[in-house]
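**Q** Take a look at the letters that make up each chain.
2 protein chains.
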Amino acid sequence: MNEVLEKAKLAKSAASKLAKLSTNVKDKALEMMAQALEAQAEFIIEANKLDVEAATQSGRHKAFIDRLTLNEQRIKAMADGLREIKQLPDPVGETVAMWKRPNGLQIAQRRVPLGVIGIIYESRPNVTADAAGLCLKTGNAVILRGSSEAIQSNKAIVKVLSQAASEAGVPKGAIQLIEDTDRASARQLMKLNGLVDVLIPRGGAGLIKAVIEEATVPVIETGVGNCHVYVDGQCDKDMAIKIVVNAKTQRPGVCNAAETLLVDRKIAAEFLPVVVKELREKGVEIRGCEKTLKIIPDAVPATQEDWNTEYLDYILAVKIVDGIDEAIAHIERHGSGHSEAIVTDNYFAAQRFLDEVDAAAVYVNASTRFTDGFEFGFGAEIGISTQKLHARGPMGLKELTTIKYVVYGNGQVRE
Amino acid sequence: MNEVLEKAKLAKSAASKLAKLSTNVKDKALEMMAQALEAQAEFIIEANKLDVEAATQSGRHKAFIDRLTLNEQRIKAMADGLREIKQLPDPVGETVAMWKRPNGLQIAQRRVPLGVIGIIYESRPNVTADAAGLCLKTGNAVILRGSSEAIQSNKAIVKVLSQAASEAGVPKGAIQLIEDTDRASARQLMKLNGLVDVLIPRGGAGLIKAVIEEATVPVIETGVGNCHVYVDGQCDKDMAIKIVVNAKTQRPGVCNAAETLLVDRKIAAEFLPVVVKELREKGVEIRGCEKTLKIIPDAVPATQEDWNTEYLDYILAVKIVDGIDEAIAHIERHGSGHSEAIVTDNYFAAQRFLDEVDAAAVYVNASTRFTDGFEFGFGAEIGISTQKLHARGPMGLKELTTIKYVVYGNGQVRE
Chain A
1 MNEVLEKAKL AKSAASKLAK LSTNVKDKAL EMMAQALEAQ AEFIIEANKL
51 DVEAATQSGR HKAFIDRLTL NEQRIKAMAD GLREIKQLPD PVGETVAMWK
101 RPNGLQIAQR RVPLGVIGII YESRPNVTAD AAGLCLKTGN AVILRGSSEA
151 IQSNKAIVKV LSQAASEAGV PKGAIQLIED TDRASARQLM KLNGLVDVLI
201 PRGGAGLIKA VIEEATVPVI ETGVGNCHVY VDGQCDKDMA IKIVVNAKTQ
251 RPGVCNAAET LLVDRKIAAE FLPVVVKELR EKGVEIRGCE KTLKIIPDAV
301 PATQEDWNTE YLDYILAVKI VDGIDEAIAH IERHGSGHSE AIVTDNYFAA
351 QRFLDEVDAA AVYVNASTRF TDGFEFGFGA EIGISTQKLH ARGPMGLKEL
401 TTIKYVVYGN GQVRE
Chain B
1001 MNEVLEKAKL AKSAASKLAK LSTNVKDKAL EMMAQALEAQ AEFIIEANKL
1051 DVEAATQSGR HKAFIDRLTL NEQRIKAMAD GLREIKQLPD PVGETVAMWK
1101 RPNGLQIAQR RVPLGVIGII YESRPNVTAD AAGLCLKTGN AVILRGSSEA
1151 IQSNKAIVKV LSQAASEAGV PKGAIQLIED TDRASARQLM KLNGLVDVLI
1201 PRGGAGLIKA VIEEATVPVI ETGVGNCHVY VDGQCDKDMA IKIVVNAKTQ
1251 RPGVCNAAET LLVDRKIAAE FLPVVVKELR EKGVEIRGCE KTLKIIPDAV
1301 PATQEDWNTE YLDYILAVKI VDGIDEAIAH IERHGSGHSE AIVTDNYFAA
1351 QRFLDEVDAA AVYVNASTRF TDGFEFGFGA EIGISTQKLH ARGPMGLKEL
1401 TTIKYVVYGN GQVRE
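For the record, the sequence lines run as chains A and B. So the first sequence is residues 1 to 415, counted in the numbering used here. So the second sequence is residues 1001 to 1415, counted in the numbering used here.
Careful: at least some of the hints might be erroneous.
[Said to hold, decoys possible] Stretch-level coverage of chain B by chain A, calculated; a stretch enters the list once three of its residues show a Cβ under 8 angstroms from a Cβ in chain A:
#1 1008-1021
#2 1101-1113
#3 1193-1203
#4 1236-1243
#5 1363-1369
#6 1375-1384
#7 1406-1414
By construction, these hints were calculated from the structure, which means they are not laboratory data. Since we're looking at a predicted model, the values are computed, not measured. Even glycine gets a Cβ: it sits at the ideal position worked out from N, Cα and C.
Can you build the whole structure from these sequences, using the hints too?
**A** In structure tokens, the structure reads:
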């Protein structure tokens, strides 16, 4: 039996034990896992050095090396993350609803773990601890499949975490890493229906697309965000500037950052020069539609492709639109259904935007950057779903559970 | 552009209009659709005759022909089904939860339609009206892909329904049938990510497996039920007999019927002869494990395959187990996660079974036959999910919706 199948079978058997584990044991394990990370930081950093050296030798760029690198402080942050998860309420066992039928049957909807969760991810080793903590808290077994570039780091982290968890009473197989980083191992994991209940890919658009296309196991699609801010003709211009600049520049490399600015033509001539000046001061390149170029002549002309691009960079596409109708139509055509915002003073424009724009999160008079499990108050986040099934938007602990119907009878049979 | 792509694009454009449609318009449409089915029953029956003739000529068995055949009464039942859906509360627009963050952001979780739902199904033409009604009520556009055997009936029904819906103000493209019944058309529908939001296959295990394997669009797995009744050593034997007989024979051809009886060895010698007598009087064939054969010598010896088989017929596999541990282990190994029941007087046995058995519905002292949207009180049912993502167990109107986050700000930006 190969590694993936063996680990998946062990995970399934662990899952049925994990589902019964008390919150006390799970929380104790999270604390011990945090302590173990801190105590064995040096061991993890030594392993991480091998990954960093290999990445440097193969000429990876600086940002990549930075994401890959672990140090005392980053390991402390991973440990703190586990302690934060420990503090959150355990969603497992909650009775979501319970009712009685005319025949006397009592039917309860009870929150239970999903079972076995596969996480397929790229080169951030902190995802390893984060995903392990979230899955453990929700009573799920996790199978981690990270990239080859982080394999030494991931092996060290999983070794430390699974040993600590085991000492706290967590069943063997609850936290496992696929050590074979060949593409075939990921592909095999994606097809283990009956053993794996859900796959959550975390990474770039290419990874996510590959998982969606190849998996037969249900997938939760995360991440791609081509987000818009629409500045309505009737709005507080200072607020609009603040929101546009924040949505674009507060952290451009993440999925809830804005990629396109839509401006109502009624205020474009007045508004654009001011907002562009502020954006350029932050280092943002402007790519404008034809009408924008008349107001900002030195902007880069936008192509059709720009409207569909998630730059994840200091670049903003700008389009002048003929009011809210064209803004909504543009978002419907080019948006990825992640986060969309309107800045307006007009009640009806606000209501229409919130009602009609089809996205995981729609905002009036706030930055798109708030689409995040922590900012929404969930206390944790395994990713941001951009699909409509199961979970949409930021996914916290509840989104890592499912329900089962628990039915109490006293002899009922169906007529 | 071919038929599937064209209809999917039209469905997507209809979906954004449907999401805004008032409950009044949707309910009026459902009533007009019901009336149109009744008024044009003869037209539908004429079309159905072509399907029935073709099926007869190709030597289809009687049960198949029966499922396919429409008459005045069955069309009336379809119309009544639409009127029942009309009576149900509209889940769209409900604010599931709303809260305020420390920074003043107000975040609401609002129930919205899924968008475009693809239904891939076999030869029951009543599914056509049923699925169209459920999707319309929940503001979803539906793309129906029925089997070639029912194509004339489906064409007639969709023609009548979509015309009536359109007269009531429902957008064009809300209810569509793929008329090309070649396998390639189903396969194409399964890969239309970005146009189709979810696929719900309805039919036999083969159909469902094919959809899961080929689809890149998210799928809700429905239907396969290898359900067990475990009769505990400590139980009301009369109640146990009533439940076992009901679970097996009240309607053997459906997914929530029992397929295997597990009996505690402590009471097997006393209980089995009585229950087998009653089952045989109803025409049930018994396939027993080795221990069962010692008590019921004329039972058919069960093979390993029997424990995994959904008979959907008057056949019951019987296994004697060494108490609840072996019963739970057997179900974990062979069950399909649909519906599982224990008959017991013992509090701890009941709690353990409900807690530990991993299935969409777990019962104590009631028949598995209750796993059904109507019996659960949902007033409707599009299918029974046996997967854990999005929906589990009977799926009513709510399960045909998703949520979006609606965020009200007054200038918030992220620090």
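**Q** If you look at each residue in the region 1406-1414 of chain B, do at least three have a Cβ nearer than 8 angstroms to any Cβ of chain A?
**A** Holds: 9 residues of the region 1406-1414 of chain B have a Cβ under 8 angstroms from chain A.
**Q** Counting residues of the region 1236-1243 of chain B that have a beta-carbon nearer than 8 angstroms to any beta-carbon of chain A, does the count reach 3?
**A** holds (count 4)
**Q** Taking beta carbons only, do three or more residues of the region 1363-1369 of chain B come closer than 8 angstroms to chain A?
**A** holds (count 6)
**Q** Mind taking a look at whether chain A covers the region 1375-1384 of chain B? Criterion is 3 or more residues with CB to CB distance under 8 angstroms.
**A** holds (count 3)
**Q** Three residues minimum, CB to CB under 8 angstroms: does the region 1008-1021 of chain B make the cut for coverage by chain A? Let me know.
**A** Satisfied; 3 residues make the cut.
**Q** Is the coverage entry for the region 1101-1113 of chain B by chain A consistent with the three-residue Cβ rule at 8 angstroms?
**A** holds (count 4)
**Q** Against chain A, does the region 1193-1203 of chain B show at least 3 residues with beta-carbon separation below 8 angstroms?
**A** holds (count 3)
Figure legend: structure checked against the earlier numbered hints; every hint is met.
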